[in-house]
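Chemist: Chains as they are written, first to last, in this note's numbering: chain H, 779 to 942; chain X, 16 to 114.
One thing to keep in mind: the hints can contain errors.
Stated by the list, open to error - Using C-beta positions, here's what the derived DEER-type ranges look like:
#	chain 1	residue 1	chain 2	residue 2	range
1	H	A930	X	N100	30 to 36 angstroms
2	H	F921	X	K101	25 to 31 angstroms
3	H	E896	X	N100	49 to 55 angstroms
4	X	R99	H	I788	42 to 48 angstroms
Stated by the list, open to error - Cut-off 30 angstroms, straight-line C-alpha distance, at most; resulting in silico cross-link-like pairs (DSBU-like, lysine-lysine):
#	chain 1	residue 1	chain 2	residue 2
5	H	K941	X	K101
6	H	K856	X	K113
7	X	K101	X	K113
Everything labelled a hint here was simulated from the structure, so no lab data went into it.
These numbers were taken from a predicted model, which means no experiment stands behind them.
The beta carbon of each residue, even a glycine, is placed where N, CA and C say it ideally should be.
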Amino acid sequence: MVAQNVFFGIMAAVMIGSALKMVTTRNVVHAALWLVLVLAGTAGQFLLLGAEFVGVTQVLVYIGAVIVLFLFGIMLTKASIGDEENVDLPNRALPALVGLLLLGVMSYATIDFWRDAEFPDDARPSTAEEVSDSIFSDFIVPFEATSVLLLAALIGAIVVARKE
Amino acid sequence: MLLVQFLLLAAVLFCIGVYGVLARRNGVMVLMSIELILNAVNINLVAFGAFNGTVTGEVFALFVIAIAAAEVGVGLAIVLLIFRNKRSVDLSDVDLMKG
Numbered sequence: 779m780v781a782q783n784v785f786f787g788i789m790a791a792v793m794i795g796s797a798l799k800m801v802t803t804r805n806v807v808h809a810a811l812w813l814v815l816v817l818a819g820t821a822g823q824f825l826l827l828g829a830e831f832v833g834v835t836q837v838l839v840y841i842g843a844v845i846v847l848f849l850f851g852i853m854l855t856k857a858s859i860g861d862e863e864n865v866d867l868p869n870r871a872l873p874a875l876v877g878l879l880l881l882g883v884m885s886y887a888t889i890d891f892w893r894d895a896e897f898p899d900d901a902r903p904s905t906a907e908e909v910s911d912s913i914f915s916d917f918i919v920p921f922e923a924t925s926v927l928l929l930a931a932l933i934g935a936i937v938v939a940r941k942e
Numbered sequence: 016m017l018l019v020q021f022l023l024l025a026a027v028l029f030c031i032g033v034y035g036v037l038a039r040r041n042g043v044m045v046l047m048s049i050e051l052i053l054n055a056v057n058i059n060l061v062a063f064g065a066f067n068g069t070v071t072g073e074v075f076a077l078f079v080i081a082i083a084a085a086e087v088g089v090g091l092a093i094v095l096l097i098f099r100n101k102r103s104v105d106l107s108d109v110d111l112m113k114g
């Protein structure tokens with residue numbers, strides 16, 4: 779239990795630090811690379827929660843595909859490799875205030891309601907078999923809808939981005 | 016392990032993402048912040064799934080991952096189109112519908 783908490787703390791610190799760097803850096807490529815650290819930390823948290831399949835999917839889909847897509851987007855929009863001007867609004871105090879207020883409300887509500895909730899002692903990692911059983915029985919309709927949505931998004935992206 | 020530590024981590028990441036969406040002017044950076052928000056939600060889903068001892072939370076997180084991938088594909092296509100028309104991805108320049 780202690781080891782798990784130490785592991786959680788280290789990863790949480792890395793994730794929050796990387797996320798803060800991601801939203802404050804002036805370099806677009808660096809922002810994408812900080813995002814990789816946050817996503818990898820999230821995969822680690824999933825493993826800590828016993829969700830092995832989701833953790834591996836996180837690495838494959840996010841770090842493998844989404845980040846590459848972002849880097850392609852950065853290259854195609856001809857962002858400079860170095861620091862850039864005008865990546866932030868001139869007045870950043872207002873967004874920071876909104877974020878802090880939101881954080882205050884959310885953490886107050888969360889702590890107030892879930893203060894003593896502990897994970898069950900007999901918790902065990904869920905297997906890919908259980909996840910796939912659930913998807914292909916209870917969630918078969920959302921699964922099919924997702925496949926149609928992915929096809930629509932694929933065709934839509936090609937139609938939007940293609941040259942005339 | 017307490018459930019609340021995962022919920023608080025997700026809340027912090029969510030709020031950093033909201034700050035990024037509001038404070039950034041570069042379209043690609045706004046999309047990255049949206050990914051951060053979706054990730055925070057995924058942590059919540061998986062944590063509650065583990066708390067209840069079911070895989071339903073994980074299944075829902077998988078759906079969110081699939082939809083986030085679709086979203087980023089379409090979003091980057093739109094940013095690319097804006098860049099082609101305006102020669103910049105500065106969202107402050109996209110004010111065609113401003114009254």
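Chemist: Now tell me, hint by hint, if it's right for this structure.
Modeler: Checked hints:
1. H:A930 / X:N100: 30 to 36 angstroms: 23 angstroms, violated
2. H:F921 / X:K101: 25 to 31 angstroms: 39 angstroms, violated
3. H:E896 / X:N100: 49 to 55 angstroms: 54 angstroms, holds
4. X:R99 / H:I788: 42 to 48 angstroms: With Cβ atoms ~43 angstroms apart, the hint holds.
5. H:K941 / X:K101: Distance of about 15 angstroms is within 30 angstroms: holds.
6. H:K856 / X:K113: 26 angstroms, holds
7. X:K101 / X:K113: 16 angstroms, holds
Violated hints, listed in ascending order, are 1, 2; each of the other numbered hints is respected by the structure.
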